[in-house]
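Chains A and B supply the protein sequences, listed in that same order.
Number 436 in numbering that gives the first Met the number 0 belongs to position 437 of the first sequence; there are no gaps in the numbering.
Number 3 in numbering that gives the first Met the number 0 belongs to position 4 of the second sequence; there are no gaps in the numbering.
Simulated from the structure, these hints should not be mistaken for lab results.
Bear in mind the structure is a predicted one, so any value in this text is a computation, not a measurement.
Here a beta-carbon is modelled for each residue, glycine too, at the ideal position from N, C-alpha and C.
Take these hints with a grain of salt, some might be off.
What the hints assert, rightly or not - Listed next, the in silico DSS-like pairs over lysine-lysine satisfying Cα-Cα at most 30 Å (straight line): (1) A:LYS444 <-> B:LYS125; (2) A:LYS153 <-> B:LYS276; (3) A:LYS8 <-> A:LYS153; (4) A:LYS102 <-> A:LYS182; (5) A:LYS153 <-> B:LYS275.
To be verified - In silico contact screen, one side only, chain A against chain B (beta carbon under 10 Å); selected entries: (6) LEU159; (7) GLY209; (8) TRP212; (9) LEU253; (10) GLN521; (11) LEU554; (12) GLY558.
Said to hold, decoys possible - Far from chain A, some chain B residues (derived; all Cβ distances over 12 Å): (13) LYS76; (14) GLU96; (15) ILE172; (16) GLN234; (17) GLY260; (18) VAL269; (19) ARG270; (20) TYR282.
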Amino acid sequence: MRDGPSRPKAVNIVIGGEAGQGLITVGDILTRTLVRAGYSVVVTQSYQSRIRGGHNTFTVRVGSEEILGPQEPIDILMALNMDTVHFHQHELSPQGTVLVDEKWGLEGNAIFAVPYEELGSQKFSGILALGVVGAMLGLEEERFSGALEQFLGKRGDQVLQENLASLKSGFSWMSSRSGPMHKLSPPRYAGTRLTLNGNDAIALGALAAGMKWCSFYPMTPATSIAETLAIHSQAMGIVVEQAEDEIAAINMALGASFAGAPAMVATSGGGFALMTEAVSLAGMIETPLVIVVAQRPGPSTGLPTRTEQSDLEFVLHSGHGEFPRAIFAPGSVEQCFHTTRQAFELAEALHGPVFVLTDQFLADSYRSVEPFDLEQLSPVRTCQVLSEDTPHQVYAITQSGISHRLIPGLSAQCVAAYSAERLAIADSDEHDEYGHLTEDLTIRKRMVDKRLSKMNEILARTIPPEVAGDEAADLMLLCWGSTRGAVWEAADTLRSQGLRVATMHLSQVWPIVPDTVLGHLQNAREVICIESNATGQMAKIIRRETGFHISKKILRYDGLPLTPEFVLRQIAEV
Amino acid sequence: MVTIEDYGTYETAWCPGCGNHSILQAVKKALVALDLQPSQVLLVSGIGQAAKAPHYLKANVFNGLHGRSLPVATAAKTVNRDLAVIVESGDGCTYGEGGNHLLAAIRRNVDVTVIVHNNQVYGLTKGQASPTSGEGFVTKAYPHGVFSSPFKAPLLAVAMRAGFVARGFSGRIDHLAQLIQEGVRQRGFSLVEVLQPCVSFNRVNTFSWYNQRCYELPLTHDPGDWENAIAIADQWGDRIPIGVIYRNNRPAFDENLVQLGEVALVSQEVRMDQLKKIMMSYY
Numbered sequence: 000m001r002d003g004p005s006r007p008k009a010v011n012i013v014i015g016g017e018a019g020q021g022l023i024t025v026g027d028i029l030t031r032t033l034v035r036a037g038y039s040v041v042v043t044q045s046y047q048s049r050i051r052g053g054h055n056t057f058t059v060r061v062g063s064e065e066i067l068g069p070q071e072p073i074d075i076l077m078a079l080n081m082d083t084v085h086f087h088q089h090e091l092s093p094q095g096t097v098l099v100d101e102k103w104g105l106e107g108n109a110i111f112a113v114p115y116e117e118l119g120s121q122k123f124s125g126i127l128a129l130g131v132v133g134a135m136l137g138l139e140e141e142r143f144s145g146a147l148e149q150f151l152g153k154r155g156d157q158v159l160q161e162n163l164a165s166l167k168s169g170f171s172w173m174s175s176r177s178g179p180m181h182k183l184s185p186p187r188y189a190g191t192r193l194t195l196n197g198n199d200a201i202a203l204g205a206l207a208a209g210m211k212w213c214s215f216y217p218m219t220p221a222t223s224i225a226e227t228l229a230i231h232s233q234a235m236g237i238v239v240e241q242a243e244d245e246i247a248a249i250n251m252a253l254g255a256s257f258a259g260a261p262a263m264v265a266t267s268g269g270g271f272a273l274m275t276e277a278v279s280l281a282g283m284i285e286t287p288l289v290i291v292v293a294q295r296p297g298p299s300t301g302l303p304t305r306t307e308q309s310d311l312e313f314v315l316h317s318g319h320g321e322f323p324r325a326i327f328a329p330g331s332v333e334q335c336f337h338t339t340r341q342a343f344e345l346a347e348a349l350h351g352p353v354f355v356l357t358d359q360f361l362a363d364s365y366r367s368v369e370p371f372d373l374e375q376l377s378p379v380r381t382c383q384v385l386s387e388d389t390p391h392q393v394y395a396i397t398q399s400g401i402s403h404r405l406i407p408g409l410s411a412q413c414v415a416a417y418s419a420e421r422l423a424i425a426d427s428d429e430h431d432e433y434g435h436l437t438e439d440l441t442i443r444k445r446m447v448d449k450r451l452s453k454m455n456e457i458l459a460r461t462i463p464p465e466v467a468g469d470e471a472a473d474l475m476l477l478c479w480g481s482t483r484g485a486v487w488e489a490a491d492t493l494r495s496q497g498l499r500v501a502t503m504h505l506s507q508v509w510p511i512v513p514d515t516v517l518g519h520l521q522n523a524r525e526v527i528c529i530e531s532n533a534t535g536q537m538a539k540i541i542r543r544e545t546g547f548h549i550s551k552k553i554l555r556y557d558g559l560p561l562t563p564e565f566v567l568r569q570i571a572e573v
Numbered sequence: 000m001v002t003i004e005d006y007g008t009y010e011t012a013w014c015p016g017c018g019n020h021s022i023l024q025a026v027k028k029a030l031v032a033l034d035l036q037p038s039q040v041l042l043v044s045g046i047g048q049a050a051k052a053p054h055y056l057k058a059n060v061f062n063g064l065h066g067r068s069l070p071v072a073t074a075a076k077t078v079n080r081d082l083a084v085i086v087e088s089g090d091g092c093t094y095g096e097g098g099n100h101l102l103a104a105i106r107r108n109v110d111v112t113v114i115v116h117n118n119q120v121y122g123l124t125k126g127q128a129s130p131t132s133g134e135g136f137v138t139k140a141y142p143h144g145v146f147s148s149p150f151k152a153p154l155l156a157v158a159m160r161a162g163f164v165a166r167g168f169s170g171r172i173d174h175l176a177q178l179i180q181e182g183v184r185q186r187g188f189s190l191v192e193v194l195q196p197c198v199s200f201n202r203v204n205t206f207s208w209y210n211q212r213c214y215e216l217p218l219t220h221d222p223g224d225w226e227n228a229i230a231i232a233d234q235w236g237d238r239i240p241i242g243v244i245y246r247n248n249r250p251a252f253d254e255n256l257v258q259l260g261e262v263a264l265v266s267q268e269v270r271m272d273q274l275k276k277i278m279m280s281y282y
């Protein structure tokens, strides 16, 4: 009912079942097929049990217009078990269809029974259902069989043929019926589009930046970043190492970076908590480091497979002592790629820690993405050739606070102007310009000032907020990170109802540059801050940094991603 | 030719009579004997009196966090195999705070040499028990004596079939320098534990205590004999063996990584052509 004409026309398909029923395989093939056919998609993966027995869903929202966020009402519910019907029946849209197995004996308006037993082996019911749905969407069978071949090609001819037969069987059964249709309009995109989720894009962004070292300890939802990098490690000439713990992971990354390899760690809240001493070390020894924190609900182990944005303040304040840092918070899969690349560039420029803050929703959310123009991108260089008049101390005090790095063993190559004996020294103690520990308190103060003055360089490079919508708006919706799509679509709906609405999204959440934020906030009659946490962490940071108080907040912290519908319901209440 | 002068002479913050002075001397002698330039050497340390050692000679230095020198050394060596990477830290740093990293480094067989200054006491924080303190050792925090049994790192390392396991004594500088040299030459993980007196906080395990007990392993000792090495590594008390206890030829960590190649990873060009292929595999 809120799904007004302003929102892009889309079909929301939910595949539900138990872990092990092939749900993710079916979802992957469906998504890839739709993307290759030129459609826009937003995938939401909800896994692990919401009740006993384990109930997972793979949701694909697909449309011929550009889709930005998830949607609550379900148009097609592919129930691989009966529980799925019970859990989700009430979420159906008015035109919604529930695909069930005929033998379950279910009846009702939206129920659409498929005789899976007649159509093929029970083992392939997921693929049979995929064929049925493909026909419902009005797509050609070949599009699915192509994706299926790509997906199952490695598993041998026999398996592939059986799957293809099941797909065909489902397709032809549905095509011969006058049953419910959810026909898609002609596709949006003509060229090649990639099927990428947030974590894939972070991995590709790191590779494009010239990352050579990634160490990690497995933790959901960050693990797939390192696993993706590991698959490509030999082809790319990088090292990915599963460390004995997160403390080792981050100290390894600092060792690699110190030795001249652009380095990254990827973890989630609890793992990051173990890393914080070394974050401070990176600040002290002025060594570049990219830290990806994929958030999930805390405190402690929390909800391991759900989503939240509750580690913003933690990441911002992590590490003892005072040192500069920057934090990116990508709002789309494309931004995952670009901000990760920028994080490496900035870490190299500022000689210190830079964060990429993502979350489970974005990590697992597949989208249709235009291939990145890699020819335009050059990897970071750690080994700079320095001129003769560059101060030769590793921690030389300069106007910008930025000294030059020396890479152990490579000084002959990189600093040709100097003797081959130029040495790289890093010390976690306070140190002099050469890097050796000192208790001279005059030097101490100068070193603190040097390190903190690098903040000017960060400020000059900070990505300004993305502002869209009406000038002099009645309402400004402020968001950051993964919630961008949901907020953008909610704003479209409000505008279609006659409100003047603007939106602001921060893809870099630290530092806040007041000049780029404050004017927009002051121009709106009312501002609402929208976040996936319980305490309004961004609203607090905005107040501290700009003096602007945002009293109205929409906060979601039940572990589920923000949806346009959630935002609209809350706005109706505010 | 590298000379001992190339490694410089610095004023230290150590007590007169501390075993650290002799260990520093042995490290320099070994580096000279190995004919390594200071620019080819990376010394990694944690926190403690021993961890200050890298500041007292000329080399590349990473003096990081307490207990965390092994992860730093592992990665630095992997991305630049041309470096000789030596970890130098104390018993508390390496065996206490960093215990898990020691296990992992032995398992990986990472090609670094770890010199552990073992004085059986915490010096920097003034006299607390260390993982190697003897049972009954009295400290301010353990006024009734230490109850935990002392950690025998060489025994553990032999049991795990570490690449190279040796023990030295700061009172025998040339012998120790020889052990360090062999450790650095070993292609794989090398543990060189060095017994040393702490003149300020350990009144039990003094110079003469060690000097009376330490004996050099005879030439007949076969470091390839694992079962015998276990017995040797376990020996502690009236007689303490020093020398190369155990060694093997397991492949080093970096030898398993085909992507490392001839040129150090840090000097390799980024393979953007490969990246394009990888990106398009998501079509």
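Report task. Tell me, in ascending order, the numbers of any earlier hints that this structure violates. Result -> Hints 3, 6, 10, 11, 12, 13, 14, 17, 18, 19, 20 contradicted; others consistent.
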